[in-house]
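As given, the protein sequences belong to chains A and B, one line each in that order. The first sequence begins at 1454 in our numbering and counts up by one. The second sequence begins at 30 in our numbering and counts up by one.
To be clear, the hints were calculated from the coordinates, so they are not data collected in a lab. Since we're looking at a predicted model, the values are computed, not measured. In this text, a Cβ means the ideal position worked out from N, Cα and C, and glycines have one as well. Be aware that a few hints might be false.
Once the Cα atoms are required to be at most 20 Å apart in a straight line, the calculated SDA-like pairs of lysine to any residue come out as [claimed, not checked]: (1) B:K133 / B:D105; (2) B:K162 / A:V1510; (3) B:K133 / A:C1523; (4) B:K171 / A:R1537; (5) A:K1530 / B:K133; (6) B:K185 / B:E200; (7) B:K133 / A:E1502; (8) B:K133 / A:P1501; (9) B:K171 / A:V1514; (10) B:K133 / A:E1500.
If you only want the chain B side, here are some residues facing chain A, beta carbon under 7 Å, derived [claimed, not checked]: (11) D134; (12) S143; (13) L151; (14) G152; (15) P154; (16) F155; (17) L156; (18) R157.
Residue-level listing of the chains:
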Amino acid sequence: MSEWHPAIQADAVAEGTPCPLLIGDTPIALYRLGGEVYAIGDRCTHEPEVRLSDGFVDGDVIECPMHQSCFSIRTGKVIGPPAREDVHAYPIRIEDGTVYVEL
Amino acid sequence: MNTSTVSTAQLRRWPEQRDARIPAWIYSDPDLFKREMEVFYEGSTWNFVGLACEIAEPGAFKRSWIGTRPVLVVRDEDGTINVVENRCAHRGSMLCWKNNGVVKDFTCPYHHWSYDLKGNLLGLPFLRGAMGKGGMPRDFAKGEHGLRKLRVAERKGLVWATFDESAPDLEAYLGDEIAALIDRATGNGRLKLLGYNRQLLPCNWKLYVENSRDPYHATLLHSFFLTFGLLRADTAFKAVPTLGGRHAIMASTYSAATASEKNEVTQQLASLKSDFSLQDMDMVRPVDEFGDSSMINFSVLPSVFFQQHGNSLAIRHVIPKSESQTELSWTHYGFEDDDETMQNRRIKQANLMGPAGYVAVDDSEVLALMQPVAQSAPDSVQAVEMGGRDYAPQETMLTETLIRGFYHYYREKMGL
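Please model the entire structure based on the sequences and the hints provided.
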């Protein structure tokens, strides 16, 4: 059963800077694009020991620092090799200035 | 005065009598060795690198060698076979350290640069630096930093590669006679890997090439051959150099009826020990699988020798390591449609060859002891006049015509 977890104050998630956190044992990174906040898995599917949030934000794409695999911040979909599998995209909602992530 | 090492090849001349003489300095000169690698292995030649059945599924690879240069033979996702140099484009370290396996991509252990199955650079750590520091220049182009890609040709289940973009097609390089013999040795092309032998020979690669083109020694040194009638100086035999000495064919006939017969030729040979027997005589009782009563062994310059001893089929890969070291790598094979009896017979008879082979162990010993003698007397000269001084085809084992052919070709290519 998925449930909503309070994660962080919404105004702590800044444009252009990934915001890594653990929810339980699950590594997730929050990103702000325009007014919206997005949450995707934070381990590269090509090299799972590497955190995507150590990588480079280019528009709505996060690029892995290790081999430049690219993922959509909005959907988690892989859009550049060497990774072949998507990272998970998590639903979020913001209530009273707090970001909640569903997993 | 500059006293640095000078190649002996520049100071020495090939003896008179040309192809019928071999100067010993060619076995120990490191500069000459480097040039041989460029001319024969990295030049306009095709090199055997593996069997297609060794890399059956997408991502399957095997490590191989072209002369001293390591390569990877890999099955692409679309089923084609790629051969790339096993050398990271970044710092030149060995990219893949395993002999075989299945991968999605190749990642160098040194700095984790990653390449796809075609050898294209996929990515590298910290391309954009970290914390705003370091990283590659903005105009760094991944497309210009892939692995060296080789030309590849696949024929009847065998994979060949060349560093030379302008080399003639594989078929032209092999020539009609050798191509036909490869077709004979590979049948329908549906090969089955039976196993490997590897050994490091402490000798120059050319000593092994000569040995594999020398039927004269086979009846004398190899008492096992003679004792059990697998190869006899009195049977019909052809020694055929092809394409100006580039390749070499040794075709003998085998007859179960005469295998243990004595006559005036075999009487002369002390190594014929007719009272010897084996616990398991299947080792020396081949079946005539090609229907021509022939055992045909042939040498394809620069790197391989096709072996048919009894029903043992193998490709012997000559991998020079230095002027005084050579790796020999046997790839033993059969066919997908062999029955169990035939497969077991091939595996059993494979014991004739290899590092501890009943026959091949003789060669290893001779060549290991020959190298230091050659090195100790670089000005000495060998005579190879058995069967004449030219390199015409001959119908006898008592000939060195194939060695003369090799050196004719060698001297032409090396300008010696």
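Checking each numbered hint in turn, tell me which of them this model violates, lowest number first.
none
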